[in-house]
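Engineer: These protein sequences, in sequence, are chains A and B.
Under full-length UniProt numbering, the first residue of the first sequence is numbered 1, with each subsequent residue one higher.
Under full-length UniProt numbering, the first residue of the second sequence is numbered 1, with each subsequent residue one higher.
Source of the hints: derived by calculation from the structure; they are not laboratory data.
Quantities reported herein were computed from a predicted structural model and do not represent experimental measurements.
Backbone N, C-alpha and C fix where the C-beta goes; we use that ideal spot for every residue, glycine too.
It cannot be assumed that every hint is accurate.
[Unchecked claim] Just a few of them, taken from the derived set where beta-carbon distance is under 7 angstroms, the chain B residues facing chain A: (1) E63; (2) A188; (3) S282.
[To be verified] To give an idea of the chain A side of the interface with chain B (calculated C-beta under 8 angstroms), a few residues: (4) E35; (5) E60; (6) G128.
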Amino acid sequence: MNVTLRIWRQHDRHAAGRMVSYGVESISPDMSFLEMLDVLNEQLTAAGDDPVAFDNDCREGICGMCSLVINGIAHGPEELTASCQLYMRHFTDGDTIDIEPWRSPSFPILRDLIVDRSAFDRIIQAGGYISAPTGAAPDAAAMLVPKKDADRAFDAATCIGCGACVAACPNGSAMLFTGAKATHLGALPQGQLERNSRALAMVNQHDAEGFGGCTEIGECTAVCPVGIPLDMISRLNGDVLSALRDNTT
Amino acid sequence: MVELFTVGETIRDTKAPGGPIQEQWEARRFGAKLINPANRRKLSVIIVGTGLAGASAAATLGEAGYQVKSFCYQDSPRRAHSIAAQGGINAAKDYRNDGDSIRRLFYDTVKGGDYRSRESNVYRLAEVSSAIIDQCVAQGVPFARDYGGLLDTRSFGGVQVSRTFYARGQTGQQLLLGAYQALERQVAAGTVEVHTRHEMLDLIVIDGKARGIVVRDMVTGALETHVADAVVLASGGYSNVYHLSTNAVGCNTTATWRAHRKGALFANPCFTQIHPTCIPVSGEHQSKLTLMSESLRNDGRIWVPKEAGDGRDPREIPDGDRDYYLERQYPAFGNLVPRDVASRAAKNQCDAGRGVGPGGRGVYLDFADATARLGRAAIEEKYGNLFDMYHKITDEDPYQVPMRIYPAVHYTMGGLWVDYDLESSIPGLFVVGEANFSDHGANRLGASALMQGLADGYFILPNTINDYFVKNPSTEAIDASHPEAVKAVDAVRARINTFLTINGARSVDSFHKELGAIVWEYCGMERNAEGLQHALGLIGALRDEFWTNVKVTGANEELNQTLERAGRVADFFELAELMCIDAFHRLESCGSHFRTESQTDDGEALRVDDDFAYVAAWEFTGDNSPPKLRKESLEYHNVKLTQRSYK
Ligand SMILES: Cc1cc2nc3c(=O)[nH]c(=O)nc-3n(C[C@H](O)[C@H](O)[C@H](O)COP(=O)(O)OP(=O)(O)OC[C@H]3O[C@@H](n4cnc5c(N)ncnc54)[C@H](O)[C@@H]3O)c2cc1C
Ligand code: SF4
Ligand code: FES
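Go ahead and model the full structure; you've got the sequences and the hints to work with.
Structural biologist: This is the structure:
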């Protein structure tokens, strides 16, 4: 199959960017979307042009590195699918496909389709952990964790930190990411002691990074490649309120 | 013919304390000099890599009060390749009361490694395995639990006990997030500084000691010098020398290879593990391969059509026309034979023309019988996520048609040589995780890489590096202006300029693909002297072409992914040659290393303990000069050497 790509090209953080069209021919439907971009890049290299820069590493949907807005949708048209898990068989011969980076003032563009997501690391630094220095741990069997809590924590912990939720949110909010971390750690008995302070610290950092507020629109969960549900944000809000209450009493 | 290698002095001291094996680690810890907390603040450590090994080491050394600088090439430490591990992590907890113990985990690991690992290290690994699980649970790693709230385990990789802890199919992700969060906590505490999107391109050695690294800021292209009192490499394995592997596409050997060139011995580079159950290559465009967990072999049956070229839909091929070759050849273990045996058997079937799917490189893994026996719901419950992943990639529904699988490169047992303290042959350079050669011998057992990475980072390195600091006080304050540092930066800059000015006709990727195909063909599942020599010729010629005909577009002073890859592929060339030389010299079959010249009458691997019970540690002697073989002989006082048999 043949496709036309319209791709955001931007040399660096400070340069102006624009959409540029490229044709790619003889694409196999069994190629992944990123393999199709590899083909384009081989083509550009042969012509002496700069290949398109895009983030990727595991190419199996787990590292959270890939980050393409495809035809206006973060991670593209397939549900529960990261950009790297998308296959060309979901497109049609002759299609024109738009490819853009995550758009958010908190994720500055570094080049072409690559953005800076270090704000996420700083949210975790603010409190996204359980304080458990190496060596101080009791025997793992000393604490029972109800299966439903362990499962809930696990579901939240599957967040791959990709940032699609931010890219999709009309407010540019990162509350789904933050809520997933608060839920992961807050669902476990080990995480109770720091539960409220953790939530508050993360939300404060979230705001300081310039991410917008959540108005429960739900675009985030619709594009999330692992299906983090919206109620994890409610969970976070509950913890934050408790923290504020603790602080005032 | 020119000599492929020379033989140097035997390695005598591994620093393993003598005495009964179960007392050695305690003895070493007691013998190691301690540093008081106030003085730790004055000591700095560079850690390259933020996977399980690097993140756990950085967090722990940060907690201890050292000044830590951590580096990774991704945009966040959380994205290291460890994130992709699926199956689980071993620990000798014996929560199942099924006869597990430190001794049994030790024994299984030494035997699984086909008696090519160092006893003292493996015993210590088994000893600390329990504490890893405790540590991870305390951090909030959501391991699988049973309805009573207790930790669940499963059995994995052909052992008879149930000692593998897991978090659904995402164990690596959960363990890494635990270590990453501990690391970020130390960043907030001010003890660790993380440099993401920074790639180490050289090691700085001053007065014979590792004192720093040269890194490239991958966004601006700036070359930076970082100095410290010690350097730790946690940069992962080199599977991508084969181009196609189950590793993340950015995994590379640059950090370890550059250190090798600066004097660190590289041990057993030819010990590379091929995993039997991966999704086959679908075409020329393939950029990586995806693992289908080993656990599938518990219920799936592997077969090929008896008749070469039988093109029927697999569901229409009657049982009588199918060859369940593993069940036939290995009645005792059947589909559960170890990884190396299953992989080679699949290759043999495909070589004989009985393979299925594109290019005939695939065999069926069939769940029809298991579905009939257990019901679809049970299969879904156990393997649902894997089936979905398979479906997504191949567009075939494994509930309806058998999966097609083929072996793929997965893990590298070889790596930089380290002693019992995890210190390389360059004083002050420590190596942890998959980057070192240590604990898995010639073949790694499932669920033991995660265990080793975390053992190294949480518990072993933090108890040995202090001894180095006390015994090697840095007398001279060093900064970027030191002549050795300047020399290293200049060399890196010159190399980058060379890449950018060759301006040839072929892309970096085309070279990587061709190199990978050569290594896979001649230094993959089967090796022999003739093939390896042929490969060395091909690699040399291709390497020469690379340095005259590669095309790297753009400039250094910008985000330039082609330039990044060029450096990695250039290092893979050199490593590939060493792998072939190592494979050539080891005229025995052991673990993952199968030499066609060394097999039993019925075609099984034949180990030659009298000649090869040693670690082959290679010394770099210069470009175009043959590497020097340094042997560390392996002595077994606590296990008896036997030939493996799975018939
Ligand atoms: C698909 C898959 C499934 C697996 N499943 C299991 C399993 O179930 N159980 C098990 O025990 N093992 C498993 N393994 C093996 C295991 O995951 C790895 O061996 C292990 O995670 C390696 O960890 P590491 O910390 O040594 O290195 P990695 O996690 O590979 O981390 C390497 C780090 O080094 C950095 N780095 C590399 N080079 C440079 C450089 N030049 N400059 C700067 N930084 C650099 C990277 O950025 C990264 O942070 C699996 C492997 C694969 C591929
Ligand atoms: S919540 Fe979902 S979309 Fe947001 S970072 Fe996590 S995985 Fe990505
Ligand atoms: S490349 Fe890792 S999630 Fe897509």
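Engineer: State for each hint whether it applies.
Structural biologist: Taking the hints in turn, this is what the structure says about them:
For B:E63, the suggested interface contact is upheld, since its CB lies about 5 angstroms from the closest CB of chain A, less than 7 angstroms. This hint holds: B:A188 has a C-beta 4 angstroms from the nearest C-beta of chain A, less than the 7 angstroms allowed. Contact between B:S282 and chain A, as hinted, is supported at the beta carbon level, the nearest pair being about 4 angstroms apart and thus within 7 angstroms. About 5 angstroms separates the beta-carbon of A:E35 from the nearest beta-carbon of chain B, less than 8 angstroms, and the hint is met.
Checking A:E60 against chain B: minimum C-beta separation of about 5 angstroms stays under 8 angstroms; hint holds. About 6 angstroms separates the beta-carbon of A:G128 from the nearest beta-carbon of chain B, less than 8 angstroms, and the hint is met.
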